[in-house]
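Enquirer: Okay, here's what each chain looks like letter by letter:
Protein chains: 2
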Amino acid sequence: MSCMRELDKFILLQLADSDKTIWDLLDGWQFTLAEFISTVNKLYEEGLLDTDGKKLRLTREGKGRVNRAELRYMPRLCGACKGRRITLPKPYRGLLRKFRRAVRGRPAPKDDYYQGFVGELDVAARIALMNYHGDVADKKIILIGDDDLLSVALALTGLPSRIVVLDVDERIGDFIDGVNEKHGLTIEFLRYNVEGPLPKTLLNRFDAFSSEPLETESGMKAFLSRGVACLRKGGVGYFGLTTLEASRRKWFMVEESLLRMGCVITDVIRGFTIYPSVYFKEPKEPFLPLLKFKLKFDFKEKFETGWYKSSLVRFEAVEPSPIVRWNEKIKVELVDPKESLAHPFSYGPPKPRDGEGPRRARKLAANIDRARQKPF
Amino acid sequence: MSCMRELDKFILLQLADSDKTIWDLLDGWQFTLAEFISTVNKLYEEGLLDTDGKKLRLTREGKGRVNRAELRYMPRLCGACKGRRITLPKPYRGLLRKFRRAVRGRPAPKDDYYQGFVGELDVAARIALMNYHGDVADKKIILIGDDDLLSVALALTGLPSRIVVLDVDERIGDFIDGVNEKHGLTIEFLRYNVEGPLPKTLLNRFDAFSSEPLETESGMKAFLSRGVACLRKGGVGYFGLTTLEASRRKWFMVEESLLRMGCVITDVIRGFTIYPSVYFKEPKEPFLPLLKFKLKFDFKEKFETGWYKSSLVRFEAVEPSPIVRWNEKIKVELVDPKESLAHPFSYGPPKPRDGEGPRRARKLAANIDRARQKPF
Numbered sequence: 371m372s373c374m375r376e377l378d379k380f381i382l383l384q385l386a387d388s389d390k391t392i393w394d395l396l397d398g399w400q401f402t403l404a405e406f407i408s409t410v411n412k413l414y415e416e417g418l419l420d421t422d423g424k425k426l427r428l429t430r431e432g433k434g435r436v437n438r439a440e441l442r443y444m445p446r447l448c449g450a451c452k453g454r455r456i457t458l459p460k461p462y463r464g465l466l467r468k469f470r471r472a473v474r475g476r477p478a479p480k481d482d483y484y485q486g487f488v489g490e491l492d493v494a495a496r497i498a499l500m501n502y503h504g505d506v507a508d509k510k511i512i513l514i515g516d517d518d519l520l521s522v523a524l525a526l527t528g529l530p531s532r533i534v535v536l537d538v539d540e541r542i543g544d545f546i547d548g549v550n551e552k553h554g555l556t557i558e559f560l561r562y563n564v565e566g567p568l569p570k571t572l573l574n575r576f577d578a579f580s581s582e583p584l585e586t587e588s589g590m591k592a593f594l595s596r597g598v599a600c601l602r603k604g605g606v607g608y609f610g611l612t613t614l615e616a617s618r619r620k621w622f623m624v625e626e627s628l629l630r631m632g633c634v635i636t637d638v639i640r641g642f643t644i645y646p647s648v649y650f651k652e653p654k655e656p657f658l659p660l661l662k663f664k665l666k667f668d669f670k671e672k673f674e675t676g677w678y679k680s681s682l683v684r685f686e687a688v689e690p691s692p693i694v695r696w697n698e699k700i701k702v703e704l705v706d707p708k709e710s711l712a713h714p715f716s717y718g719p720p721k722p723r724d725g726e727g728p729r730r731a732r733k734l735a736a737n738i739d740r741a742r743q744k745p746f
Numbered sequence: 371m372s373c374m375r376e377l378d379k380f381i382l383l384q385l386a387d388s389d390k391t392i393w394d395l396l397d398g399w400q401f402t403l404a405e406f407i408s409t410v411n412k413l414y415e416e417g418l419l420d421t422d423g424k425k426l427r428l429t430r431e432g433k434g435r436v437n438r439a440e441l442r443y444m445p446r447l448c449g450a451c452k453g454r455r456i457t458l459p460k461p462y463r464g465l466l467r468k469f470r471r472a473v474r475g476r477p478a479p480k481d482d483y484y485q486g487f488v489g490e491l492d493v494a495a496r497i498a499l500m501n502y503h504g505d506v507a508d509k510k511i512i513l514i515g516d517d518d519l520l521s522v523a524l525a526l527t528g529l530p531s532r533i534v535v536l537d538v539d540e541r542i543g544d545f546i547d548g549v550n551e552k553h554g555l556t557i558e559f560l561r562y563n564v565e566g567p568l569p570k571t572l573l574n575r576f577d578a579f580s581s582e583p584l585e586t587e588s589g590m591k592a593f594l595s596r597g598v599a600c601l602r603k604g605g606v607g608y609f610g611l612t613t614l615e616a617s618r619r620k621w622f623m624v625e626e627s628l629l630r631m632g633c634v635i636t637d638v639i640r641g642f643t644i645y646p647s648v649y650f651k652e653p654k655e656p657f658l659p660l661l662k663f664k665l666k667f668d669f670k671e672k673f674e675t676g677w678y679k680s681s682l683v684r685f686e687a688v689e690p691s692p693i694v695r696w697n698e699k700i701k702v703e704l705v706d707p708k709e710s711l712a713h714p715f716s717y718g719p720p721k722p723r724d725g726e727g728p729r730r731a732r733k734l735a736a737n738i739d740r741a742r743q744k745p746f
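Just so you know, the sequences run in chain order H and X. Mind the numbering: the first sequence is residues 371 to 746 in our numbering, read in order. Mind the numbering: the second sequence is residues 371 to 746 in our numbering, read in order.
It is worth saying that the hints were derived from the structure and are not from the lab. Just so we're clear, the structure is a prediction, and the values are computed from it rather than from any experiment. One should not assume that every hint holds.
Copies of the same chain are indistinguishable here, so a pair counts whether it falls within one copy or spans any two.
Listed next, the in silico DSBU-like pairs over lysine-lysine satisfying Cα-Cα at most 30 Å (straight line) [said to hold, decoys possible]:
# : residue 1 : residue 2
1 : Lys379    : Lys509
2 : Lys603    : Lys509
3 : Lys603    : Lys379
4 : Lys509    : Lys452
In isolation and in its complexed conformation, chain H is listed as follows (with noise of 0.2 Å):
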């Protein structure tokens, strides 16, 4: 649907006054990353767009599409907030220092469970966001994936009353496990695959759920009845969806699944939640043979991070009712092949190899190889 709107005038706008390096441009790019590279590719082949290998610029003739008068009258991303509508008190600032110190050591994202996590300081604003509408203090919280170790900074708070992290990857079990002890926590850890049924016991027990889903179709169906099913009446969910990588169509079957599970949309914070996409020393970023297979100009390589951003949804389960049961089985997909073959990188640049770069970015090579694999 977004290809029904002329998506040029975002590039021209944004490179309008300054020239941009490529990652600048994605960070303020509001749709999705194969509509990103179609984009600048045609304002390229169109000669309104130049680089000098570096940075991108408007060509004089692009410059004379830009429409002056839309861009004197663009408000800019709040820079207090970045856009999040809140701001930490200085207990926060404690918080992260223990934080950062608890997770040392923590364990490298694995490239089987498409995993990557966010940076501490969006671990700290998702929960002063929770605990702006009071669902932290003395809350049953469950959380279905914990890369992130949320878990580890809401139990540093002392505040919900229970933590309980699913997960299929035994490392951040074990690594919980020592957190625990150093730290005298009492963070549960339970060894889960979405796929398979809830264990009993889980269900209909807690007051707030956070996960990061993967964005395939079967994946967010999953994610989101597993953490529906553990709601009480009356429950709180948190869940990131970004714009880069999912369709206004995927939205759409997001939103249906959870009004279908009886749940509310009470909050969609754009941008909520920055993934640094470079993490380790040494990153082998996937993103970055894909971008320079698909681009038609040459770009400044040096990977920077701080542009994959998810929005944030927030949603109360009026009655809790998940389209997945919670002893029934579901086969998630951990590419979409229809969206895959609809990607401007299909066919394209090779697999990344094991344990390069981050969760969202390993998916869409994925993809790539995916479609590559069947063809239609």
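Given the coordinates of chain H, work out where chain X should sit on it, guided by the hints.
Expert: Frame of chain H, contents of chain X only:
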């Protein structure tokens, strides 16, 4: 559903470190007005809350109930953007000056139409957000109901290619005609009642629509259906919805309606729009007698503004298909008898006199009146 949440703590947390007027408390309240009344009354009767007749404060026992750790980690609403996510660049100052001058002598809110317009700054903020999403420049925009005179501010930017206002109030049409003439604008006005069929010439013609719908079920359905009917495929909508007077069940109904109409919700920004509840000289604020009647303690009677806020919902019409067909009539209720029967104000204070206070306040008063007439 929010009845299942412990609402007491939100009042306790707000009063923990400073005494506040009833209006300060309302400003921070995230639930319904009815829940506000019952919560503060309960706290007062339990001896947790007291008053000097002006400000409310916690008693010693009340302070003992505050969760200090929860308070420590309570974030602040961003002071820079007031939680709107964006900040306005300088050109908006000039726009605001021009807008304020242009709307001098605007029609006073009229009781029959449940009007009551939002402040000029909020009108500017809405334009800024719309422009942020690329929904203003060179766009055909339709406003359903325009006592806010958003049309005038939009026209003064010079950005939209067409602005059409539908409003039942002929005085707004006359006023807009005058503004058009004086400022050389071309806003189109059509007298229209949302209950009636839409002029066929408006169907699927617009890129964007904006409205502050009447918050009854039939009102929401009518305003949103008419708006969606006017949108082209891929068009966008902006509308306000409160938590003060719309229950979570009503939010659910609104979201379900949107999805049924082929629209996907892209943003829900709480408290984006502030209604200045007192606007004209010598306000006879109908909330005042209502609160005086229902609250079990004295409070500062000088009415303060800025606490009546609505969330801004943005949606994109993936496949626009209104649930009320364009040529179909719909009866719009000014109040929802079911919701008003559950209202704690019911059977209470007298109906406010004609011309008093803003739209929402009068709607509330009408609710009571209706509830009195139809006890069950």
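Enquirer: Evaluate each hint against the coordinates.
Expert: Going through the hints against the structure:
1. In this assembly of identical chains, Lys379 and Lys509 lie within 30 Å of each other by CA distance solely across copies; the values are 13 Å between and 46 Å within a copy.
2. When the C-alpha separation of Lys603 and Lys509 is checked against a cutoff of 30 Å, the pair qualifies only within one copy, where the shortest distance is 14 Å, while the shortest distance between copies is 43 Å.
3. For the identical chains of this complex, Lys603 and Lys379 are inter-copy neighbours only, at 19 Å across copies versus 45 Å inside a copy, given an alpha-carbon limit of 30 Å.
4. Taking the shortest Cα distances, Lys509 and Lys452 sit within 30 Å of each other both inside one copy (28 Å) and across copies (28 Å).
Consistency note: the structure conflicts with none of the earlier hints.
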